[in-house]
Amino acid sequence: MLGHLSTPELSSLLALSPSIDQIGTQERIARIQARSIKGAAKIQGLRMALSMIDLTTLEGKDTPAKVRQLCFKAQHLHDQAADLPTVAAVCVYPTMVGVAKKALGNSGIKVASVSTAFPSGQAPFEVKKLDTLYALDNGADEIDMVVSRGRFLSGDYQFVYDEIAAIKELCSTARLKVIFETGELDSLDQVRKISDLSIAAGADFIKTSTGKIQPAATFPVVLTMLGAIKDHFDKTGQMIGMKPAGGISSSKLALQHLLMVKEVLGEAWLSNEWYRFGASSLANDLLMQYQKQLTGKYQSAAYFSID
Amino acid sequence: MMSQTNWNLEPSMESAAQIQLQAQYELFIDGKWQAPLSNTYYDNVNPADESHLARIAWSNAADVDLAVRAARSAYENVWSKLSGAERGKYLFRIARLMQEKAKELAILETLDGGKPIRESRDIDIPLACNHFFYYAGWADKLQEAFPGQQVAALGVAGQITPWNFPLLMLAWKVAPALACGNTVVLKPAETTSLTALKFAEICQEAGLPAGVVNIVTGYGDSGAALVAHPDVNKIAFTGSTAVGKQIQKACIATNKKLTLELGGKSANIILEDAPIDQAVEGVINSIFFNQGHVCCAGSRLFVQESIAERVLEKLKFRLQSIYVGNPLDKNTDIGAINSKKQLETIERYIQLGLEEGAEIYQPTCELPSAGYYCKPTLFTDVAQSARIVQEEIFGPVLTIQTFRTMEEVVQKANNTPYGLAAGVWTDKGARIFGLSQQLKAGVIWANTYNKFDPASPFGGYKESGFGREGGLHGLRAYLKFPN
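Respectively, the protein sequence lines represent chains F and B.
If you count by this note's numbering, then the first sequence holds residues 651 to 957, one letter each, in order.
If you count by this note's numbering, then the second sequence holds residues 562 to 1044, one letter each, in order.
No wet-lab data here; the hints were simulated from the structure.
The beta-carbon is built from N, C-alpha and C at its ideal position, and this holds for glycine as well.
Be aware that one or more of the hints could be misleading.
Stated by the list, open to error - Some chain F residues near chain B, calculated using beta-carbon distances under 10 Å:
1. R678
2. S686
3. G695
4. K716
5. R718
6. V777
7. L780
8. G789
9. A850
10. L873
11. D881
12. H882
13. E917
Claimed, not checked - Away from chain F, derived, C-beta distances all over 10 Å, residues of chain B:
14. N567
15. W568
16. W594
17. Y602
18. A771
19. L819
20. A835
21. P836
22. I837
23. N892
24. A919
25. K973
26. K1001
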């Protein structure tokens, strides 16, 4: 494994991570949540959110048939409504990558595979490497890896850094999303530190959670990660993507997250190239609100497919 | 992959349709609406679009005299005879009625004064209600508040409130005065009388005995008449230092008790170890809250040298997502400047800053064509001796200086005739305590700014005034202590 930064270099990088004040962070969020997103801006926001979804199924009981159904839904969110975008990607376990790749064909929708012994990351590096290579060999466009939280919490930053850098090297053209599992971290200071570490190690996206642990993509955590992305961009000019996952199940929350991206990072991040929602149930709520905006009426949940 | 597009929020207007303004407002004296003996009225405009809102009575000395007589009579015959618990009941009733009418009061405050509806809805009105609840609780506990001292009410309190937080400042003054057993003659600021007049209706609805609260609207001459009235026992004033000095002169050699809450040029200090993003947000809250019309606004920013460039860069970026516009829009961050006169003052200072050679930054945002608006403004490259650094501007204008050592920043922060508030941003607790011991300011916030609570006293040093409002300290200003 070859990291680009030596231990002293990594230490001095992490020493620069600013401290994060919890109360001030919540105040900033409150300002964003007080905003009113209505009319055409709401319609545009809902469409944008739909296009940013990584439609996800990560169950032990997943079957090829279920994955194929999910892939159909990814391409046909709600054909009763004209001119809807598709989602950005379908996110599955490595064993389902081949199925998804075939089902999505040339739709332009990406296949993202979780990897590195998702969700716990409790496996030797050789296993994580094989896990990742398997997904890539089956055609994964994106790799959602988990970090070794235990090593991070114990202060072994070099280990975490090297692991991410090594997986990044395997990815070649596939984009790498690094999952922190923020519900297992203790403070926003740590969220900031692991963000800086992962970005330095080569993450293309940073991602809050696996969806298996609560709390997941809370506003303070996401804002802290956006802050790291912003500082990195200001320093280097390089854009890093953001993927909150877990806990964002309503349109209202999704729109507030988008507004936070707009205010903290700028509109350049408002595309699915740089922003994703990891979600399974969000899509239907977005569709329901979208139909409400267009028709003025709420439709029953029974009108929206549950794939 | 979808490409990036512009995503702009649409205006989301709070409806003013539910507000029924009267064409003309009279004076509220002795529990009744009375036409002014002066027979004079003035026009009240909405600073957001310069539209006419109402005609308001302009009281003269004879009107003020009537109001003071009513307050004296209510004090002698009714209010001083009630137990603290009974007074408390009225205050609780007023607080609840204010809560019930919170939305109406918030819209009125925004129409009349230009502040964003978000602030009047989420900050001004809830805090004003809380002040009444808080002091209602003290009304029957004055002996416990000052154990071993036989405290007594003063009598008639003359109160003059400013235009920046009209109802909130009314609450700061009226609630403790009534809780302590005084009666009140209140002169609200001429540009923002509507919520005070609404408050008079609330007093009626609460069944408050006639004459306990009297409201005499008008300009500075009405206030001067109140200050000069021989039968007033106490003057409480919040406003400019210049007027405060006149009031203090007028009270010399009288028996009037006086509290003054005046101007400020408060220092907000960011140390290099501060949580930088939250500190930047704190700067936004400290200087652009209420268009900068805040006596304790952190209008002088001091940033430690090593992070100064980064803080400035972040501040400029943050300003791009500040919405300046119609205060009734729920998305507005900075509303209308309170009056044409104040806008001219601010513009004069911005011009002065340019003449003094300071570097200016304003975001590119469109301002509404009608109404009084000012862009949020940063001045860098300023000297401690520059007038924009020394004088209170009372608008959305921030001066930014850098510093190297603690000693230097303490000296500079204290180098002002004012001493109202200060802010300290650092990750180190020891530095918070070290600095706050040395800064000469009545209120010092650590890692936050512009936070208010009824239980917390507020007031200044030096030319920022004397006396404390809020908390247990706020009771002292309305009580006689045995010597």
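Hint check, failures only: 4, 5, 6, 7, 8, 9, 12, 14, 15, 20, 21, 22 and 23
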